[in-house]
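Quick note, the sequences are listed as chains A and B, same order.
The numbering of the first sequence is this note's numbering, which starts it at 18 and goes up by one.
The numbering of the second sequence is this note's numbering, which starts it at 1278 and goes up by one.
By construction, these hints were calculated from the structure, which means they are not laboratory data.
Do not take every clue at face value.
[As the list claims (entries may be wrong)] In the EDC-like style, the derived pairs of lysine to aspartate or glutamate whose C-alpha atoms are separated by at most 16 Å in a straight line are:
| id | chain 1 | residue 1 | chain 2 | residue 2 |
| --- | --- | --- | --- | --- |
| 1 | B | K1334 | A | E130 |
| 2 | B | K1334 | A | E196 |
| 3 | B | K1333 | A | E121 |
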Amino acid sequence: MTASLTIENLRLEYPDALLFDDIHLSVQPGSLIVFETNVLDGATSLLKGIGGMLSNIDGHVWLNDIDLLRADAHQRARHVGFVYEEHGLISLYNVFQNIGLPLEFHTNLLADEMASKVFNIVDRLRIDRELLDKQPHELNDVQTRMVNLARALIIEPNLLLIDELEGGMPDDMIDWTMEMLLERTRATQTVTLITSSHEHILREADRVLKIENCQLSERQT
Amino acid sequence: MNLSDHDQDQPGYHGLTLLGPFKLMINPLASIVSTILELIGLISVALSASRLLLNKKRRQIFLSLFFRQIYNTGVRALYINGAVAIFIGALLISRLFDYLPQQVFSEQFGYFFMVVVFRELGPLISGIILIARSATAVTAEIGYLRLRREFQVLNGLGISPVFLFLLPVFFAFPLSLLLMFIYFDLVVFLSSYAVIWLSDPSADFVVLLLSILDQISLNEIAINAVKALLGGMMIGVISIHFGAKVEDSFSEVSDAISNSTTTQLMVFFIINILLSLLAYTQ
Chain A
18 MTASLTIENL RLEYPDALLF DDIHLSVQPG SLIVFETNVL DGATSLLKGI
68 GGMLSNIDGH VWLNDIDLLR ADAHQRARHV GFVYEEHGLI SLYNVFQNIG
118 LPLEFHTNLL ADEMASKVFN IVDRLRIDRE LLDKQPHELN DVQTRMVNLA
168 RALIIEPNLL LIDELEGGMP DDMIDWTMEM LLERTRATQT VTLITSSHEH
218 ILREADRVLK IENCQLSERQ T
Chain B
1278 MNLSDHDQDQ PGYHGLTLLG PFKLMINPLA SIVSTILELI GLISVALSAS
1328 RLLLNKKRRQ IFLSLFFRQI YNTGVRALYI NGAVAIFIGA LLISRLFDYL
1378 PQQVFSEQFG YFFMVVVFRE LGPLISGIIL IARSATAVTA EIGYLRLRRE
1428 FQVLNGLGIS PVFLFLLPVF FAFPLSLLLM FIYFDLVVFL SSYAVIWLSD
1478 PSADFVVLLL SILDQISLNE IAINAVKALL GGMMIGVISI HFGAKVEDSF
1528 SEVSDAISNS TTTQLMVFFI INILLSLLAY TQ
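Work out the full structure, taking the sequences as your base and the hints as a guide.
Here it is in structure tokens:
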């Protein structure tokens, strides 16, 4: 499952602003990288851009030998998990169905096998099983983000992208979630990218990158 | 009169040029043409996405959404469809009873029913109920999903929003409308019979029923089916089209519902009138 990430000549531009230009980044397998964020610095757009979810983007994002900016939606969905800072769940479905959605669409697993995977990931993330029957609007922000995380992890992605994990979370919850993410990233030799400004998250990262003048620069830890 | 730069920046400003009045006429026309092209595009997208149904697992997902839509649109609308049908059946027959001699009424009941209820009122009222009750709900739901960026989320998950939202509506609306036609005609007949029976307890249920069935040819059934299929499909597609135009604010959702309802009523009436003219004008 080893995965490395290489970003080449990445340029991300909106009609009224150039967010990133000529970004280069190389990430080794088993690394957890944090983009240190400030308000409106474009970190969320960068994360979505890397995940191939934006159209106003040029360059290459190589996940092993797949260029995510040119891969089809199905291929991307099999390799990239994205955790939204807010919302991100489909209101047509309850929590259980939301978590199982990628398996439902992109695998041939039977219902029992899917349910077992959902329960497994829910337990790993310490999500209360009673939440599984609830609708997305019945969850608070932290629960919504944890369900997003469960849905992203259930496909066992080679690249996990997390947008501001910490909002509203108590410190101990941030700590054990980060511990779990680090452990997973190391064990699977995959890549995890997180945007955050929280010290507990920054200190756990293998590398911290700051966003300045449309560029990424290394922050010395 | 001097126009400042500010005046010229206003959205309604067309300039005091020869093109000004011309643009005023062209803009609404261009908007209608653009909407028609977008609707045709949406129909072709739905037809093209239908090939996903060849996959067994996708078909299962689709069927659960399809039956949910049929239940919400076709089944849960039956009570209001039934209530309107009871009133229309009772009113229509009581008025005909007042105006026509008994002999003419008995002989012509089947013909009146076929011409007034089966051909025109059934499709028209069922369509209006579908638009008022279900199509507005679909437009609002799609608009709300757009506001919450759920289409983006689905795209990120490699799941086509067309498959999840457009396809069930595309197939369920025509079928629901057909169900509503049948149910409407049935209830109008039953309530008509009830009124007739109250005035004349010797009225034979089977004779009245056969007098209607005698009048309904295969051609009549085919025209009604086309009205349901074409009308239902267009109502569904228009709902999705306007719902999907919502971008950032809640006020866009109410605009979408308003525009979608107006367009649906226009399109549905035009379809009904054209098909009736084509089929029944000798």
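Hints and how they fare:
1. B/K1334 <-> A/E130: 14 Å, holds
2. B/K1334 <-> A/E196: 36 Å, violated
3. B/K1333 <-> A/E121: Holds, at about 12 Å.
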